[in-house]
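Assemble the complex: chain A is given as a structure, and chain B must be docked to it using the hints.
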Amino acid sequence: MEVERMNRDECDILRLKGRLDLAGAEAIEGFFKEYRMEPMQGRRVIVNFAEVPYISSSGLRVLVSALNDVKEQGGEMVLCEMNVGVEEVFEFSGLNDVFKIYREEDDALQAVSAP
Amino acid sequence: MTNLMPNSQADLCLSLRADPKLVVIACKAVRNLAEIHGMNERDCYRLELATDEVCSNAITHACERDEHRNYRLEAAYDEVDDSIVVWVYDRGEGFDIERVKEVKELPKPPNCPVGGLGLHLVRKVTDDIDYLCGKNGENCLIFRKRVIPEPKLAAEA
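Protein chains in written order, with numbering that gives the first Met the number 0: chain A, 0 to 114; chain B, 0 to 156.
Next comes chain B alone, as it looks inside the complex:
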C-alpha cells in the first residue's frame, strides 16, 4: 500500500468494545465519512462491508487474546489519492496477508468451510489492503477505497 498518511491525520478515531452489536457504529461512521467526500452509494455499501469484515475479524479472532477486549479504528480522507483509508488495530496473533492475497477463489461449500471469506470480500471490494504486525504486539489491517462520485444524470451534465 502506498502513500499511507500518518495516523495523526485521521478524521475519525474510535475505540470499540469487542461486541458484535457495536460494529455497526464503526461501519456507519466510515460510511458517513465517505459520503461527505462524495463516494457513490454502491461503493459506500462496499466500504461498509469492508469495515464490517475487518472489525468482525478483530472481534472473533483477535480480541479473544486481549485482556481489554477492545480494538481501535481510524479512518481518513486522503486528498492525494482521493480515497478513504481505514486502519483497524488489534492485539491478536496476526497472520500473513500475502497468503490471503494469493487466494484467487475460495473453494465452494459444502466441501470446505467458508473460513477466510471475510478477508476475501475485503480484497474484492477495496482498492488496496495491507497488514502490519507492530513490535508492541499491536497489529493493523489497512485498506483503501478510492472515491468515485455518483455518475451525473444526463439532465445535470
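Bound-form chain A, shown alone:
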C-alpha cells in the first residue's frame, strides 16, 4: 500500500495505491501519523481511490481516524473515484453518510474549493 501525495489548487490530493486491508491499513497508518503532525488548520484533503481495488474495515478505521483529525482542526476531507466494490463497503458500514464521496477527482476538488 502506497500513498502518493500532491497538491492541486491548494488542496492535498492523496492517491492511495493497493489493497486497503489489515496489512494496507498498517502501512498507511504511518503516513497519516506523520500527516497529523503537520499544521492542518483548515486543510482540504481529497483521498483518491482510483487505484484501490479493495477495502476492509481495517482500512475504514484508518480513514475515520484521519477524517476526525482533519475535522478537529477545521479542515475538510472528501473521497473520490471508488470502484463499485469499495463503494459498497462504505454503504454496508454506514460510512457513506459520514464521508462525502465523489465520482471524479475534479468533482471533489470543485466541492472542497467552493466557498
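It is worth saying that the hints were derived from the structure and are not from the lab.
Hints are supplied without guarantee of correctness; some may be wrong.
[What the hints assert, rightly or not] To be clear about the criterion: a stretch of chain B counts as covered by chain A if any three or more of its residues have a C-beta under 8 angstroms from a C-beta of chain A, and this derived list gives those stretches: (1) 117-131; (2) 134-142.
[Unchecked claim] With the C-beta cut set under 8 angstroms, the calculated list includes, among others, these residues of chain A facing chain B: (3) 20; (4) 39; (5) 40; (6) 57; (7) 88; (8) 92.
Values in this document were obtained by computation on a predicted structure and should not be read as measured data.
By construction, the Cβ of each residue, glycine as well, lies at the ideal position given by its N, Cα and C atoms.
What follows is chain B alone, placed relative to chain A:
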C-alpha cells in the same frame, strides 16, 4: 446455521501464521473456490471481504493469546445448499455471537469508535454466520454464502 458439513469434507484447508500480509492468501483461495463453483463477481468480492474480516479478527484479537500465533481456515462447497461455507479456527477468548447479531446499525463516528465493524460487515455480506466455542479452547467462526451465478446476457439466454 443449518446443514453444516463435517470438516473432513473441506475442499480447502490452510494453516496461517498470524501475519496481516498473509491474509490475502486465504481471501484469494476462498474466492477461487467460489469462482470455480460459478459465484458471480460481486458476491466473490463480498465473500473475499467476509474471509478477510474474520481472518483479520483472528489475528488482532485471538492470536495474541496463542503461543503458536497461527489460525486455521477451511472452506467447502456445499452441494445441498449450493453455497460456500468457511470455517476459521482460533484460540482466542471467544465472544457472544448473539450480541453481534443483535446490532442492527453501528453508531456513527466520531461519537464512537468503529469497533465491531468487521463482524457487522460479515453479517451484511453473508447469508449465515455462527460461532462455536470448543471445549479444547479452539473457537470457530463459520459463515455461508450462497452461489448465485452471473446473470446471463440477453444474447446468451
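Practice problem: So, residue 57(A) near chain B? Judge it on the closest CB pair being under 8 angstroms. | Solution: holds (6 angstroms)
Quiz item: How about the region 117-131 of chain B: do at least three of its residues have a C-beta closer than 8 angstroms to a C-beta of chain A?
Solution: holds (count 5)
Quiz item: Taking the least C-beta to C-beta distance, is residue 40(A) closer than 8 angstroms to chain B?
Solution: violated (18 angstroms)
Quiz prompt | Residue hint residue 88(A), partner chain B, criterion CB-CB below 8 angstroms | solution = holds (7 angstroms)
Exercise. Please verify that hint: residue 20(A), Cβ, nearest Cβ of chain B, below 8 angstroms or not.
Key: Holds: closest Cβ of chain B sits about 6 angstroms from residue 20(A), inside 8 angstroms.
Quiz prompt | Hint status (Cβ of residue 92(A) to nearest Cβ of chain B, threshold 8 angstroms) | solution = holds (6 angstroms)
Quiz item: Does residue 39(A) pass the interface hint, meaning its C-beta sits closer than 8 angstroms to a C-beta of chain B?
Solution: violated (15 angstroms)
Exercise. Report holds or violated for chain A covering the region 134-142 of chain B, Cβ cut-off 8 angstroms, minimum 3 residues.
Key: This one is violated; 0 residues, fewer than the three required, reach chain A with a Cβ under 8 angstroms.
Checked against the numbered hints above, the structure violates hints 2, 4 and 5; every other hint is satisfied.
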